[in-house]
Every structure is written in structure tokens, then in C-alpha cells.
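**Student:** So the chains spell out like this:
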Amino acid sequence: MAANYDITYNVDMVFVIDTTGSMRPVLDLVKNNALNFYNDVTQKMSMKGKTINQLRIRVVAFKDYKASLTDGQKPMLVTDFFQLPAQNADFQRCINSLQPKGGGDEPEDGLEALAYAIKSNWETTGMKRRQIIVVWTDASTHEIGFGRETPGYPANMARDFGELTEWWGDGQMAGYMDQSAKRLLLFAPDVPYWSTISDNWDNVIHFPSRAGEGLQEVDYSQIVDTISNSI
Amino acid sequence: MSEMIGGYEVKEPLSNKNAGFSKWGFGEKDGKTWFLKEFLSPVYPVNRGEMTEKSMQRKLTQCHEYEIDKIRLFSQLGRASDGNLLRIHEFFRYGSKYYIATEAVTGKTFQDAVQLPEEKKILVLKILAHSMASLHQAGLVHGDIKPDNLIFRETKNGNISAKIIDIDGCFSVSAPPTDPDSMNGDQLYLAPETFQFILEQPVKLTEKIDVFAMGLVFFQLLTGDMPAFPSDDYKYPFSVLLDGKALDLSAVKNETLQEIIAGMLAADPVHRTSMQQVYETLSAAWPVKTARVSTGPVDWTRTESYEDAQRRLRRMGSFPPGAGPVDPRAAAYAGSLGGSGALKGRMGPARSAPGAGAAEDTDEFFSAAGDL
Chain A
114 MAANYDITYN
124 VDMVFVIDTT
134 GSMRPVLDLV
144 KNNALNFYND
154 VTQKMSMKGK
164 TINQLRIRVV
174 AFKDYKASLT
184 DGQKPMLVTD
194 FFQLPAQNAD
204 FQRCINSLQP
214 KGGGDEPEDG
224 LEALAYAIKS
234 NWETTGMKRR
244 QIIVVWTDAS
254 THEIGFGRET
264 PGYPANMARD
274 FGELTEWWGD
284 GQMAGYMDQS
294 AKRLLLFAPD
304 VPYWSTISDN
314 WDNVIHFPSR
324 AGEGLQEVDY
334 SQIVDTISNS
344 I
Chain B
171 MSEMIGGYEV
181 KEPLSNKNAG
191 FSKWGFGEKD
201 GKTWFLKEFL
211 SPVYPVNRGE
221 MTEKSMQRKL
231 TQCHEYEIDK
241 IRLFSQLGRA
251 SDGNLLRIHE
261 FFRYGSKYYI
271 ATEAVTGKTF
281 QDAVQLPEEK
291 KILVLKILAH
301 SMASLHQAGL
311 VHGDIKPDNL
321 IFRETKNGNI
331 SAKIIDIDGC
341 FSVSAPPTDP
351 DSMNGDQLYL
361 APETFQFILE
371 QPVKLTEKID
381 VFAMGLVFFQ
391 LLTGDMPAFP
401 SDDYKYPFSV
411 LLDGKALDLS
421 AVKNETLQEI
431 IAGMLAADPV
441 HRTSMQQVYE
451 TLSAAWPVKT
461 ARVSTGPVDW
471 TRTESYEDAQ
481 RRLRRMGSFP
491 PGAGPVDPRA
501 AAYAGSLGGS
511 GALKGRMGPA
521 RSAPGAGAAE
531 DTDEFFSAAG
541 DL
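So the protein lines, in turn, are chains A and B. The numbering used here applies: residue 114 is where the first sequence begins, and numbers increase by one. The numbering used here applies: residue 171 is where the second sequence begins, and numbers increase by one.
If you are wondering where the hints come from, they were derived from the structure by calculation, not from laboratory data. Be aware that a few hints might be false.
30 Å max Cα-Cα, derived DSS-like pairs, lysine-lysine [what the hints assert, rightly or not]:
| hint | chain 1 | residue 1 | chain 2 | residue 2 |
| --- | --- | --- | --- | --- |
| 1 | B | Lys374 | A | Lys161 |
| 2 | A | Lys161 | B | Lys240 |
| 3 | A | Lys232 | B | Lys193 |
| 4 | A | Lys161 | B | Lys181 |
| 5 | A | Lys161 | B | Lys207 |
| 6 | B | Lys316 | A | Lys161 |
| 7 | A | Lys161 | B | Lys291 |
| 8 | B | Lys316 | A | Lys157 |
| 9 | B | Lys405 | A | Lys161 |
| 10 | B | Lys193 | A | Lys144 |
To spell it out: a stretch of chain B is covered by chain A in this simulated footprint if at least three of its residues, at any positions, have a beta carbon under 8 Å from a beta carbon of chain A; those stretches are [said to hold, decoys possible]:
| hint | stretch |
| --- | --- |
| 11 | 183 to 190 |
| 12 | 223 to 235 |
Since we're looking at a predicted model, the values are computed, not measured. Beta carbons: idealized from backbone N, C-alpha and C, even for Gly.
Take the sequences, apply the hints, and build the full model.
**Tutor:** What follows is the structure, given as C-alpha cells:
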């Protein structure tokens, strides 16, 4: 009988992670805590009186399209959603496979990575839904389309920042995510286009990080707290 | 390092800790400390060069409607407050974000109030009842009544005051929420009809959701605990009532108080008592006048007209689309961004790659990102 009256949350998260050379500190942090992540988040939610019915995580790992022509790194890698806790071990192995390498110039192709995240195959059922994108980077972004001429650049990518903004949507015109469910958490420097996003998109929390330092100032408890507060 | 937000000096960055999806903190202005809350939606478009014209006009319209709505609501709230409902001191936009500033209230917690002697608890009940009745008579609903949103103070001469805070999420009875996802309050204090609303059943939320929540708060204040119910079968009071069962109120020994609370916890909002009735019953049973409870009639019928709201908006600095000066920060952004040239000069030294030989085994889970 209690279960009939529980307000439950179906939570989808997409971790958008800069995997260029300087990002070792935060990559190590995520690797060291991937196995505990599900328990830590559900415990936090339980303390707030909120029950997570389903938690899925997907990863988008990005670098730099143009730099990949010379450094041989794959500029954009994506996974399907991992269902936690059933796929905890797979999620851990996935995160462990990420190596901080390459990148070329300082701006990276974070906007394309964000586009992939926005167009995820989001859960649309459930009493309450949360669709959370978490971006981790210590670099600014190229304009979207900067690497358009490189082989493998995706067709149907947003033409420009304006179109990406339409994909995110707003209170009057829905984008590709559920307007009341979506959240974007930026652990990124206060530089374009991250600052442009936090100044113009709704439902965004931006934690400005120090450029080029691999987010070493961020700790795991802050990540869990921030994510839990956004649910 | 401090920053200025709308004239408030903020020394510690705003945080979203225990805030749901918003940010909060404290700011100094005019020699006083204020509580600031930053809203994450809607966002006023300041980087107009980076969005389509259609998108910009849409956002401006959305923001304009939001401003009018909030100014009216907060003005109504200010007139409704009997001094124990926290007023919104200022509602403003700074850059692309909207903020409210309220008095930074400090005092004792609910747990401290539970330790008060019975006669002072009765006084607290009357204060809370009067404040909520004032709010409801103005056609407003708090929507998130719970112990954490009550602050208590004991004055030097032994009087007690109780302040109801976190009121910026209030709504008008004439324009209740339509999005079930907008109700994110503490589930323990949910009214039965609020749960039904979340399940997208055709119910309308009224001021009676506050009465239910306040009934539970009254019970806790008097006894230190929630009403008893079979916790193996149920997690929340509302679920007991939705199953047609009753909450055990016997821990409240005083018959009059037990009856009052029973009326506040009626399962059907139609049969649930009103806060005005609660206040009148308490006043009749314990007729001791307090300094914080006013008794005169108040005109709740006057609300801010559209024209008044427009004049207030112009003083704030927000203007309808196509009219009035723009935010100076918007002009600064327009100058700094413009085409691919904007990012020149930001390219730092090339990153050095880690030593060769580090194994890469991403193929098990990752695929190259294809077309969208």
C-alpha cells in the first residue's frame, strides 16, 4: 500500500566530459567514484524524502575535431544509457576506459558534445522525470561548426549557437528535452560559450572553474550534492 | 572576493545547497543584510547577437509576462502580510537573471518551539493561523508549509513571534499551477489532493493545501511528532487518508485543539476547515490579545493594475520588447561576441599529450558519435 503513494523519480543523466590532456584530475575523480555514484545519489535523495525509481547515465566524451586530424584521437565518443545499479560494473569500466589525451588548441568542441547530450534518447515516462546534463571541462569552446569540414563531422548538427539554443528550448517553445525536467550543470570556465549558455539558457547552474587546471578544485561531494539538489 | 548583484554586495558566491533548483545567498545593501534568491528560469536574453530573432522575441515576451505576474503577486503578498509573513523586499533583474531580496530572518527553529510551554504554543498557533488567514483572504496560497519554513523569536518581554518564510513560490487561487511537476514540496506535508494533482488527476489546488500542511505542523508543535499511522503500510499522512483511513490524533490531549486539527486534516478539501475558522476558534477558546495579531479589517480587494505594474517595471529597468534602454551588460556582450573572430586571442599554449603507450580501450562501450 505504501508503494502506491510514493512519488518516484525517473532520472536520466548525461555526463559530457572533456577528455583532452589537462582533464586528468576530474577524470580520476569520476573514475574513483563511479561504482559508488548510484548509492551516493539515492542516499542523498532519500534524505530529502525523494525516491529514485530509475537512474540511467550516459557518457559523451569530447575533444577537438580539427586537432584529431593530427593527434589521432577520436574527437567525439558516445555511449547508450547505463541502467544503474544493474550496470554499475559496465559504467565503471566505461569511465575507466577514458584517457585524457590530445586536444590541440585551448578551445574544444564542447558545443557539439552538448548537442549530442541534448538529443539523447530521454526517458519520457514516470511520475516525475529529471533530465540532467552535467558538463565537465576546463576549456572554452569553439564556435559550433568550427570542425565542420573534418571527416566524420556529423550531419544534422546544429548550424550555429542560435539553433543549439532552439534545441535546448524555453518556456514558450520546447526543445528536445522536457522543459520542466531538464537541468544543465556546467563545471566549466566562465568564458564563451559556457558563459553565453549560463546567461541565456534557462535551468542552468554554472560553477565557474579555473581554465586549464582539469577542475582539480571540484570535489566529489560537491558533485553529488549539486546533482542531488537539481533532482 | 565580493560581487555586486543589483546593488547588493555579495561576499560569498550564491549556492544551490538545500535550495532545489535555484541559488541563494546573502547580500549587504544600505547597511543591512538581505537574503537573495536567484531564479534559473526564465532568463532574460542579453546576448541578442547569438540567437535567432524569433527566439529572442519569444524570450522577451516570456520575461515580460513573468515580470508582470511576479510584481502583481508580490505586491499582493506585501499587502496581505500581517508582519509575520515574510514580505518580498525587492524583485529585480540583474543581467539575465531574476532575483528576490527578503529580510534575512534569524531566530529559533521549530524544534526549539516544540520545547515551549503550552500557553506559548497556543500563542504560536494563533499567530500562524492569523498569518495564513491573511494570506488566504488575499487569494494567495503558500504551497510549501512545513517546519523548516517557520522561524520563531522570543522577545525580551517574553512575547513570541513566528515568521513564515520561503514564500516566493506562492500562487494565486485564481491561477493555480497546471504543471504537476511544479509541486516539489516536502512529501510529508502534501495534502491528499496535491498527490492526486501530481498523478495528473483532474483536481484544482486551493488554499486548503496550506490548511492540511499547517494541521500537521500544529500537531507536531503540540506533541513533538507526526500523527500516528501504520508506518509498515504507509509512508505519508496523505496516503492514509487517500485509503479512507484516519490519522490517530489522540496524542493531542486538549479536546478543542484535537478538534481543530481534525478539521484541518479532513481528507476532502471541501470539508476541511479554513484558516480563518481555525483562528476564530483558537481566539474564542484562548482570548488573550497579543501584540503581533492585528484585529482590524483589511481591504484585500485592491490588486495592482496592469498600468501600475507597467510603471513599476519601468522603474526597475525592464521594458516591453522594442522599447526603452537595454541592460548595459547586454551592450557589453554585444561588443565582445561576433563571429569566429570573437575567440581569437583566447587560444593558449597547445596541450602536451601524456606519454605514448597509455592503452585505450574505449571501444567496449563507446562508439564514434555519428549523425544526429
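**Student:** Hint by hint, say whether it matches the structure.
**Tutor:** Hint-by-hint comparison with the structure:
1. B:Lys374 - A:Lys161: The given pair, whose Cα atoms are some 26 Å apart, holds under the 30 Å limit.
2. A:Lys161 - B:Lys240: holds (28 Å)
3. A:Lys232 - B:Lys193: This hinted pair holds, its Cα atoms lying about 27 Å apart.
4. A:Lys161 - B:Lys181: holds (28 Å)
5. A:Lys161 - B:Lys207: At roughly 20 Å apart (the allowed maximum being 30 Å), Lys207 (chain B) and Lys161 (chain A) satisfy the hint.
6. B:Lys316 - A:Lys161: holds (13 Å)
7. A:Lys161 - B:Lys291: holds (27 Å)
8. B:Lys316 - A:Lys157: The given pair, whose Cα atoms are some 20 Å apart, holds under the 30 Å limit.
9. B:Lys405 - A:Lys161: holds (14 Å)
10. B:Lys193 - A:Lys144: holds (28 Å)
11. 183 to 190: holds (count 5)
12. 223 to 235: Satisfied; 5 residues make the cut.
Every hint, counting from the list given before, is met by this structure.
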